[in-house]
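Engineer: Line order of the protein sequences matches chains R and E. The opening position of the first sequence corresponds to residue 19 in our numbering, with each subsequent residue numbered one higher. The opening position of the second sequence corresponds to residue 992 in our numbering, with each subsequent residue numbered one higher.
Since the hints were derived computationally from the structure, they do not count as laboratory data.
Lysine to any residue pairs mimicking SDA-like chemistry, simulated, CA-CA at most 25 Å apart: (1) E/Lys996 <-> R/Arg181; (2) E/Lys996 <-> R/Val102; (3) E/Lys1222 <-> E/Asp1338; (4) E/Lys996 <-> R/Met156.
Some chain E residues flagged as far from chain R (calculated, every beta-carbon gap over 10 Å): (5) Lys1011; (6) Asn1147; (7) Arg1179; (8) Ala1263; (9) Ala1364.
All of these numbers come straight from a predicted model, not from anything done at the bench. Cβ coordinates follow ideal geometry from the N, Cα and C atoms, glycine included.
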Amino acid sequence: MTPLICLDDVRKTYHPRRPDAVEAVAGISLRINAGEAVALCGPSGSGKTSLLTLIGCMARPTSGRVTVAGEEVSRLPERFLTLVRRRTFGFVFQQYHLIPELSVRDNVMLPLYPEALGAGEMARRAAAALDEVELAQMATRRVAHLSGGEQQRVAIARAMVNRPRVLIADEPTAHLDSRLSVELLDRFAALKRAGLTLVVATHDPLVCAHPLIDRTVRLRDGRLDGDAAT
Amino acid sequence: MRRFKILEYALASLLRRPVKTAAILVVYTLMIVVLATVLLLTHALKTEAVNLLADGPELVVQRTMAGRHELVPVAAAQTVAAIPGVSAATPRVWGYYYDSLTGANYTLLGVDAAEPSLELLAGRLPQGDGECAIGAGVAAVRKVAVNDDLILIDANNIGAIFTVTGIFRAESRLLTEDLLVMPMAPLRRFFGMPAELATDLAVSVRNPSEVDTVANKVKRALPDSRPITRKELLRTYHAVFDWRGGMLLALFASALLAFCIMAWDKATGLSAGERREIGILKAVGWDTADVLLLKAWEGLAVSLLAFLLGFALAFGLVFWWGAPLLGVVLRGWSVLFPELRPTPYVDLYQVATLAFLTIVPYVASTVIPAWRAATTDPDEVMRQ
Chain R
19 MTPLICLDDV RKTYHPRRPD AVEAVAGISL RINAGEAVAL CGPSGSGKTS LLTLIGCMAR
79 PTSGRVTVAG EEVSRLPERF LTLVRRRTFG FVFQQYHLIP ELSVRDNVML PLYPEALGAG
139 EMARRAAAAL DEVELAQMAT RRVAHLSGGE QQRVAIARAM VNRPRVLIAD EPTAHLDSRL
199 SVELLDRFAA LKRAGLTLVV ATHDPLVCAH PLIDRTVRLR DGRLDGDAAT
Chain E
992 MRRFKILEYA LASLLRRPVK TAAILVVYTL MIVVLATVLL LTHALKTEAV NLLADGPELV
1052 VQRTMAGRHE LVPVAAAQTV AAIPGVSAAT PRVWGYYYDS LTGANYTLLG VDAAEPSLEL
1112 LAGRLPQGDG ECAIGAGVAA VRKVAVNDDL ILIDANNIGA IFTVTGIFRA ESRLLTEDLL
1172 VMPMAPLRRF FGMPAELATD LAVSVRNPSE VDTVANKVKR ALPDSRPITR KELLRTYHAV
1232 FDWRGGMLLA LFASALLAFC IMAWDKATGL SAGERREIGI LKAVGWDTAD VLLLKAWEGL
1292 AVSLLAFLLG FALAFGLVFW WGAPLLGVVL RGWSVLFPEL RPTPYVDLYQ VATLAFLTIV
1352 PYVASTVIPA WRAATTDPDE VMRQ
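Sequences are here, hints too, so could you generate the full structure?
Structural biologist: Next up, the structure:
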């Protein structure tokens, strides 16, 4: 089976050639198959978020190769890299990163503007994504007026609106209580059943132990510290 | 489609920051109003000068002494008329009158026959002593109508009463606004001018292409004369209005500079919220070109709206309200005091120049700093 995402001896150094250079990812090789749910676990500063940005084509590795669906993306020009990112990945950020002045629907539609879709199609896709996270009735409300859990559901809807193949989530339960965390993981499980690949960075044991997670990849100081099926 | 969707987002984005957008729009519009008023008024005054001189003589001959304008002997008209190529040389009597009642200056002109360029608005031309016809501007400031009396103080400091027989207009308001016309003889008496002298000579030349040659011949025949061709007069008008317009533009250049600094500061100092928004857009799949297009649309929308508003306001100020404040400076307040409403005229080249000099720098100062933010890797947003 050809993996959907391959990382070969990938390194990421911030501020290279400067005294304050930091090697956040120090030679990691990893395979993620389509439909798999992978949890990247480790303490703060272990390189989870940096690894997520490399997997999600948000940053380029300092060295090594990243391959997505058989195509090496590490050296792609920015335009094409953006296209791969937009078409393949949906992101749920730790801080959600919604635009507070916009309505729920407008936030969800953000990834659709560069897709040259008609207004009707954009609205239809946004409505479908909001329906999936049970926020259809809040479409016109400003996100600044929503609770943390609701904002996270908006972030999930925004990540899903472009029908990505991979959902990437950074510390998705960091701001949720245990009840909302379970709800969120159940939602992720439903997405996985629908065929989505999940990559979740977390240091929450609840996530690592959840039945939806197929593999737990442990990181320490930017290196692999374990890769085990759960 | 993609471009229009991003335009839609840009407009919505501007509306999300109404106070900031309105503040920039007001400052920008005011700057355009000032610049466009100077340009429009300068151009309108030059056009007025062209209209004014279109009906004037091809050549005017003045007499100078010690570099100063002196009255010219009426007999000199015969010398000039004898020069080959000259069809007529007519002595003219005219001068300026300061009206202390209104603080305005009038131009008094003596005519013996109806001037073809002066079209009567009401009444008739003056025919005898104690009669005059006046321009609409004079009628307005002195609040007189046809058959009313107008009292002016003559050279002997004695009040002279004139009955207004007509109010006239011409193609150019510049010509008639401050004009007061009466027959030659009473005007000479009013100014205390001897019968054998005139203010200058109006010379008609048969072949317009020979005007310069005739002017040289006049200078040779009358060494103390100063022949002024219509072309030279027009050039002088243009130079004066260009100089005044240039001075004003130089003054307002500092305002323009201040605006550019503000625009640059606004743009370079992208607020944390704007930088964050750019990061989010990049993270959700917008590429650098999309972000730059968004910023360009935002800059274009603001600058284009400000330009159109500012230009429309300037047009109204100049052509409907007579350009208060700036108009006085540009026209000169000693001769043309009466209210002036120039004929509406817009030079497209000027409009394009003004648009280029104001819209392009603003859009650039919006896009360039955004470009710096947009070219950073979107993973920056992950770390905020």
